[in-house]
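Enquirer: So the sequences go chain by chain: A and B.
To convert, note that position 440 of the first sequence is 440 in this note's numbering; the numbers rise steadily by one, no gaps.
To convert, note that position 165 of the second sequence is 661 in this note's numbering; the numbers rise steadily by one, no gaps.
Rather than coming from a laboratory, the hints here were simulated on the basis of the structure.
Don't be surprised by glycine CBs; every beta carbon is placed ideally from N, CA and C.
Straight-line C-alpha distance at most 25 angstroms; calculated DSS-like pairs for lysine-lysine:
#	chain 1	residue 1	chain 2	residue 2
1	A	Lys357	A	Lys99
2	A	Lys362	A	Lys99
3	A	Lys100	A	Lys362
4	A	Lys109	A	Lys357
5	A	Lys359	A	Lys100
6	A	Lys109	B	Lys767
7	A	Lys109	A	Lys99
8	A	Lys29	A	Lys357
9	A	Lys305	A	Lys367
10	A	Lys100	A	Lys29
11	A	Lys29	B	Lys691
12	A	Lys367	A	Lys357
13	A	Lys28	B	Lys691
14	B	Lys691	A	Lys109
15	B	Lys767	A	Lys28
Partner residues aside, some chain A positions facing chain B, computed with beta carbon under 8 angstroms:
#	residue
16	Leu18
17	Tyr61
18	Pro112
19	Ile142
20	Leu145
21	Gly149
22	Lys206
23	Ala210
So these bits of chain B aren't anywhere near chain A, every CB distance computed over 12 angstroms:
#	residue
24	Ala623
25	Leu630
26	Ile631
27	Thr634
28	Phe642
29	Ile643
30	Leu674
31	Ile677
32	Arg682
33	Ile745
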Amino acid sequence: MSQQYPALLVIVPLLSALLISIAGWVNKKLCFPIAVAALSVAALSSVGLLLRVLDEGVVLYRLGGWDPPFGIAYYVDHLNGLILNVVSFVALFNLIAAKKSVEQEFPEKIGPFYTLYVLMVTGLLGIVVTGDAFNLYVLLEIAALTGYGLLAMGEDRAPLSSLNYLYMGTIGACFYLLGVGYLYIVTGSLNMVDIAGILPNLYQSKAVLAALIICMVGVWLKMAFFPLHAWLPNAYTYAPSAASSLIAPLVTKVMIYVMIRLVLTVFTPKYAFDTLVISHSIVWLACIAIVMGAILALAQRNLKKMLTYVIVAEVGYMVGGFWLGNRDGMTGAILHIVNDALMTLCAFLVVSNIVYKVKGHKFEDLKGLFRTMPFTMGAFVVAALSIIGVPPTCGFFSKWYLISGGISAGQYGFVVALLFSSLINVILFFRIIEIAFYEPFGNDHAHTSQPECIKEAPLTMLIPLLIVAVGLVIVGVYTSDIVTHIIQFAIPKGIL
Amino acid sequence: MKIIGLIIAVLTGILLIYATVDFPPWADPGSPASTYLSPHYIEKTMEETSVPNIVTAVLADYRGFDTMFETTVIFAAGVACFFILRTFKRKEPEEIFYRHTLTGMTIRVKNSGKVRQDLDEFERIDAMWTPHYLIVKTVARLLVPFIQLFGLYVIAHGHHSPGGGFQGGVILGASIILLAISHDMRTALGRMREKTTALLCTTGVLIYAGAGALCLLLGLNFLDYGALASILYTDPVTARSHGILIVEIGVGLAVMSAMIWIYSNVSSGGKYDEGL
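With the hints as extra help, turn the sequences into a complete structure.
Expert: Here it is as structure tokens:
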């Protein structure tokens, strides 16, 4: 059975999405249990797969039984073994937490919602697990298409922002496909490892250079890297909470994984960092992304929108950290994918609890929430500390690696940008904590304030949130194990 | 802003043209794309899969996993359209129009009044109704079965000639959409209800993914049709050919119903009462 983990990981959610679609027409109550079962199987397979990778190294799975350059192969190493776990567990926790808010927001469309949800997770898992450049594009399409659908069902401006995302996302995906096309023209292969084997003779080729640039721009568009971020804030802000807390933690991180995979496996670090001299400029772009993300976040008066700009800044952390090109920077970037997925999930779950009870996510809606929703806000404080980077939460450790990577690469601009953004984060989050803690509930009726009682979100929403909040600390404590056992092997040996 | 956009577009264009300098010459038989993997497909396809059409073999077998997800993309598009557009709160339109079939008179019923259902001489018509031309209606009705027959042929004949599930599915879907355009939405829905469409669409993808999963259960890798040999009582190579036919049928079903599903949702704005 363990031979089949890579297939089960993707196939079980796919088949279940189809079953959910049928159940939506027959008996709606079955949709949620099928979805939970499917994502649990996916999560267990991803754990099993990671353990196998730790034991025996790279796992290769030949789909259809064809040998790699002729057929499609799954290729799991330490890097995507780790990311697979992040994706499947984040999706599972969010699914459980989302049950109530889905029933509240679209009671009649439970079937299609869970179908799209599980299909999207299938797409994301497929992107991460594949070793074929074109297969990655197909799964990218699935993840994107279902994402547009899920995001469009939100409040007021959601359909328009989702349409905007559709345009930008499609352009991004097309760019990626064009880049893969260029690579195919000059190498004749679509398998990533195979392309990497052929490329060294073609390092001087202009087509390969163009392919790298086009692929990078496409992936940056999809991950909302600063000047290309404009679609993200509105699309995520107005989305239904169950959808935004799936998409916000995962989509940008998975795209960062794709960038890392393309550079490390397809184009090889030797080409990207030694033959070309672009890494410095990309780190500078990342610095601008971090600073601008932080400043734009400061200008918001809406919790959810503020968090979306924090994501824009975090994308800058990871892109910059990776393109530093040294071991510490890359460790920081990969570790930050894990940590940021968890932090963002925690923050967005808090928002969806607030939306469920208060029906709003503006700053004014947060008044007095520490009294009415103490556990939710407690989790929010943990997420805030982690995003700021306070030990022992996990955010501290990845930032530490990123900063030390920046220092050893001599990129002091990056270090300054990181510290600047951390300071801004302090302001951002303490401002919210202040509003929620000190300002009384319902400012206008201060004189006739009714006795405040605890109106906490239902347990099915609260328990996953608290688990994730505790997880932030646990991942922080076990950081050194993650780095020495997994991430260390994910980075090629040539990089110091 | 427009000028910045223009500059970026021009720069991108220059980059793309600059890259073509190092491309292999046009239609060069020695280019990597035609010398690296293609010879294997051209020489070995018949021997390995017993499918005469190499394109079909690459599409549905060598890279069948991609094709399964392409089918899923179409399914996802159908579900997404349904999810966004479908409105369930049945709000009867303020005015409903009926036509007296014998005299051709139109009557307008306001404020959810009803015409007795058992009267044959009244038929409900759309608000934007224009008299159907007898010729259009009759010709469309006559054409539908032939279109569907051709669609089935295209699906089944993908092994030997250009064709396959995607093309055949679109043709099948077009036949029902033609019925909806030439008559009205209610006629088409009478032939194929919404639930049937949705379930068929799911079933199509399920056939594809299920065939793959069956191979997995029979002990080989996912989508390794060779495993079906023990069920189909053939040798593994012929089983691959049969496996391709099975998944092509799945693709055809999924594409056909997704086309109809998307059409009905978009043209009626999710209300499923009137539209085109």
